[in-house]
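Visitor: Protein sequence lines correspond, in order, to chains A and B.
Counting from 8, one number per residue, gives the positions in the first sequence under my numbering.
Counting from 8, one number per residue, gives the positions in the second sequence under my numbering.
A couple of the hints might just be wrong.
If chains are identical, the list can't say which one is meant, so a pair holds when it fits in one copy or spans any two.
[As the list claims (entries may be wrong)] Derived pair list, reagent style DSS-like, types lysine-lysine, alpha-carbon separation capped at 25 Å: (1) Lys199 - Lys288; (2) Lys164 - Lys86; (3) Lys86 - Lys199; (4) Lys82 - Lys199; (5) Lys216 - Lys272; (6) Lys164 - Lys199; (7) Lys82 - Lys315; (8) Lys216 - Lys241; (9) Lys82 - Lys216; (10) Lys272 - Lys86; (11) Lys164 - Lys176; (12) Lys86 - Lys176; (13) Lys199 - Lys216; (14) Lys288 - Lys176; (15) Lys272 - Lys315; (16) Lys288 - Lys245; (17) Lys82 - Lys164; (18) Lys245 - Lys216; (19) Lys199 - Lys176; (20) Lys86 - Lys245; (21) Lys216 - Lys176.
If you are wondering where the hints come from, they were derived from the structure by calculation, not from laboratory data.
2 protein chains.
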Amino acid sequence: GASSAGSSDADVDEVEAMMGKQIYMVSDGTGWTAEHSVNAALGQFEHCLVDRGCPVNTHLFSGIDDVERLIEIVKQAAKAGAMLVYTLADPSMAESARQACNLWGVPSADVLGPITEAIAAHLGVSPSGLPRGAPGRNFPLSEEYFRRIEAIEFTIKQDDGALPQNLHKADIILAGVSRTGKTPLSIYLAQKGYKVANVPIVMGVNMPKTLFEVDPEKVFGLTINPVVLQTIRKARAKTLGFSEESRSNYSEMDYVREELEYAGKIFAQNPSWPIIEVTAKAIEETAAIVFRLYHDRRQKYAMPRISKLY
Amino acid sequence: GASSAGSSDADVDEVEAMMGKQIYMVSDGTGWTAEHSVNAALGQFEHCLVDRGCPVNTHLFSGIDDVERLIEIVKQAAKAGAMLVYTLADPSMAESARQACNLWGVPSADVLGPITEAIAAHLGVSPSGLPRGAPGRNFPLSEEYFRRIEAIEFTIKQDDGALPQNLHKADIILAGVSRTGKTPLSIYLAQKGYKVANVPIVMGVNMPKTLFEVDPEKVFGLTINPVVLQTIRKARAKTLGFSEESRSNYSEMDYVREELEYAGKIFAQNPSWPIIEVTAKAIEETAAIVFRLYHDRRQKYAMPRISKLY
Ligand SMILES: Nc1ncnc2c1ncn2[C@@H]1O[C@H](COP(=O)(O)O)[C@@H](O)[C@H]1O
Ligand SMILES: Nc1ncnc2c1ncn2[C@@H]1O[C@H](COP(=O)(O)O)[C@@H](O)[C@H]1O
Ligand SMILES: [Mg+2]
Ligand SMILES: [Mg+2]
Chain A
8 GASSAGSSDA DVDEVEAMMG KQIYMVSDGT GWTAEHSVNA ALGQFEHCLV DRGCPVNTHL
68 FSGIDDVERL IEIVKQAAKA GAMLVYTLAD PSMAESARQA CNLWGVPSAD VLGPITEAIA
128 AHLGVSPSGL PRGAPGRNFP LSEEYFRRIE AIEFTIKQDD GALPQNLHKA DIILAGVSRT
188 GKTPLSIYLA QKGYKVANVP IVMGVNMPKT LFEVDPEKVF GLTINPVVLQ TIRKARAKTL
248 GFSEESRSNY SEMDYVREEL EYAGKIFAQN PSWPIIEVTA KAIEETAAIV FRLYHDRRQK
308 YAMPRISKLY
Chain B
8 GASSAGSSDA DVDEVEAMMG KQIYMVSDGT GWTAEHSVNA ALGQFEHCLV DRGCPVNTHL
68 FSGIDDVERL IEIVKQAAKA GAMLVYTLAD PSMAESARQA CNLWGVPSAD VLGPITEAIA
128 AHLGVSPSGL PRGAPGRNFP LSEEYFRRIE AIEFTIKQDD GALPQNLHKA DIILAGVSRT
188 GKTPLSIYLA QKGYKVANVP IVMGVNMPKT LFEVDPEKVF GLTINPVVLQ TIRKARAKTL
248 GFSEESRSNY SEMDYVREEL EYAGKIFAQN PSWPIIEVTA KAIEETAAIV FRLYHDRRQK
308 YAMPRISKLY
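Just chain A, same shape as in the assembly (with noise of 0.2 Å):
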């Protein structure tokens, strides 16, 4: 049976019940998209999470492609009072874990069967069945796969400014002060396969004279509140050390509020740019404005909407 290594089962059972309320998360492949939904639905109870009295525990198992191991894991969440939300693209498997979650009583969820079902009949086609690296499936280097990773290294080597000659190759282009997230916005959309370059705005130094060259239907300025950017840069200069706090003006609030003017200055002289406002939004979140309002631009439909071909 499963025990954790060096404990009885009551000491595990003391410690994951402090730690409030389980998840488990299996999947015979990466994990990331079971992950991904448990973080979406997580959202959906944000007022009763940590410091509310509901603490949730998620536990990723992946690579589970064998029986064995998925009924030991099964057993595992009954003994931790957990729940199970699995996706295994084996029928059997799948089957599997739902009898052995009825027979021990541990509550689960199927993430991806029920898509799956309702996509094999709009499309007419059966699923395969096979889990992502199963043997056999070759993983062909398509030429997506080439322009993504292009997409990271070129937005890596354009980080902070650099090479301003080179914004006219870009995909995208965001221009903000110090701390609207431009760094993490750029990599966030180079996953996606976009070339981005970011552009910091200082008050004092020139913007790069490239940037007012180049398609001004590609650039989109960052802006936030005053407030939660001199937040954010006292956290920057704490981390930071000594160095960088001698630019002692950084997170002081008249020096925050002037260089936003200043941002909002150069916006406003380039009024083809999208503003977005970047306050109380996660990355993903800006990214998916970003790309909807790139998106727009870029095709006629009556709806806007991002298309991809499969």
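Position chain B with the ligands relative to chain A; hints supplied.
Guide: Frame of chain A, contents of chain B with the ligands only:
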């Protein structure tokens, strides 16, 4: 009603029929959850996708938080013969989607509804029903948020062997010859909050001393099949053009084999580094393996898992 700008419905139907089957994805948030799930589910139909006779076209509609736009999209889906995959936090929006799909005969799948219900029952707490980004929800600048951004910034600075004096600050160090995917893998891991450094192995170039001074438990070697590596390097040399092609042996088979053997010797001298074979693996698959090994080494559970507290 919804009709495509500048073309009759007949035209639209024709074009869309040529493009294959349509999948509409609707979210009140970013749409990334629906996209991720549909992507994974489509993996089950790889045997019949592009080049195999059943092309699929996805259309992502993000930020859909009012019922009018929702209904318009369902109508358009009906016209295009599309199916609808949705994530809608507001129960009345989700119910509207279901009803409109029934009414107009649009096949549909609710991605998060069932998981959210199962989690609600497990926690004994009702879901908020508020979409992300709903007014009033405040976005906490959590420690994890800052940690992730710092990880991305650290990782960018450490790309391609830069700043070897900082290797001790990394959580994870990747070593491998050129084109084993170190850079995109580093970025993928960084987005999950880990500080990653990558160090290229180049025949005839000394590895930085610091690599052998850090905790060997955090170093991972990457290896790859020589034939596949040569294919990737040839594609790379083409993209880079002349300057790099002058390093003419870079993609020659003998050189590729020798360099991989050289890497193999370094790995043999450092037996505590796990070596990961990346051939035929997508970046996120290699990332899952790195995480599994990384967490297995750091915890004492009987069953390997990646745990997270919410
Ligand atoms: N390219 C693919 N081919 C076949 N199955 C896939 C593919 N990508 C993901 N899956 C399946 O989708 C589910 C979620 O994948 P993952 O996000 O890797 O855990 C697992 O059951 C995988 O086996
Ligand atoms: N932090 C969150 N709080 C509340 N709802 C969320 C959160 N994250 C995601 N969601 C919901 O989960 C679904 C998928 O989100 P998304 O991936 O942004 O499309 C949508 O219905 C969102 O409203
Ligand atoms: Mg930056
Ligand atoms: Mg690299």
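Visitor: Each hint: holds or not?
Guide: Going down the list of hints, with the structure as the test:
1. Taking the shortest alpha-carbon separations for Lys199 and Lys288, both the intra-copy value of 19 Å and the inter-copy value of 18 Å come in at or below 25 Å.
2. Taking the shortest Cα distances, Lys164 and Lys86 never come within 25 Å of each other, neither inside one copy (50 Å) nor across copies (45 Å).
3. Proximity of Lys86 and Lys199 under a CA criterion of 25 Å is satisfied in neither setting, with 40 Å inside one chain copy and 29 Å between copies.
4. Taking the shortest alpha-carbon separations for Lys82 and Lys199, neither the intra-copy value of 38 Å nor the inter-copy value of 29 Å comes in at or below 25 Å.
5. For the identical chains of this complex, Lys216 and Lys272 are intra-copy neighbours only, at 16 Å inside a copy versus 49 Å across copies, given an alpha-carbon limit of 25 Å.
6. When the C-alpha separation of Lys164 and Lys199 is checked against a cutoff of 25 Å, the pair qualifies both within a copy, at 17 Å, and between copies, at 21 Å.
7. For a Cα distance limit of 25 Å, the shortest separation of Lys82 from Lys315 across copies, 20 Å, qualifies, whereas the shortest one inside one copy, 41 Å, does not.
8. Proximity of Lys216 and Lys241 under a CA criterion of 25 Å is satisfied in neither setting, with 31 Å inside one chain copy and 35 Å between copies.
9. In the homo-oligomer, the alpha carbons of Lys82 and Lys216 never lie at most 25 Å apart, since the shortest distance is 64 Å inside one protomer and 47 Å across protomers.
10. Proximity of Lys272 and Lys86 under a CA criterion of 25 Å is satisfied in neither setting, with 61 Å inside one chain copy and 46 Å between copies.
11. When the C-alpha separation of Lys164 and Lys176 is checked against a cutoff of 25 Å, the pair qualifies both within a copy, at 12 Å, and between copies, at 22 Å.
12. Taking the shortest Cα distances, Lys86 and Lys176 never come within 25 Å of each other, neither inside one copy (56 Å) nor across copies (38 Å).
13. Taking the shortest Cα distances, Lys199 and Lys216 never come within 25 Å of each other, neither inside one copy (28 Å) nor across copies (35 Å).
14. Taking the shortest Cα distances, Lys288 and Lys176 never come within 25 Å of each other, neither inside one copy (28 Å) nor across copies (29 Å).
15. Taking the closest pair of Cα atoms, Lys272 and Lys315 never come within 25 Å of each other, the shortest separation being 37 Å inside a single copy and 44 Å across copies.
16. Only within a single protomer do Lys288 and Lys245 lie at most 25 Å apart by alpha-carbon distance; the minimum there is 23 Å, versus 40 Å between protomers.
17. In this assembly of identical chains, Lys82 and Lys164 lie within 25 Å of each other by CA distance neither inside one copy nor across copies; the values are 49 Å within and 44 Å between.
18. Taking CA atoms no more than 25 Å apart as the test, Lys245 paired with Lys216 passes in neither setting, with 33 Å inside one copy and 30 Å between copies.
19. Taking CA atoms no more than 25 Å apart as the test, Lys199 paired with Lys176 passes inside one copy only; the shortest distance there is 17 Å, against 28 Å between copies.
20. In this assembly of identical chains, Lys86 and Lys245 lie within 25 Å of each other by CA distance neither inside one copy nor across copies; the values are 44 Å within and 56 Å between.
21. When the C-alpha separation of Lys216 and Lys176 is checked against a cutoff of 25 Å, the pair qualifies only within one copy, where the shortest distance is 15 Å, while the shortest distance between copies is 37 Å.
Violated hints, listed in ascending order, are 2, 3, 4, 8, 9, 10, 12, 13, 14, 15, 17, 18, 20; each of the other numbered hints is respected by the structure.
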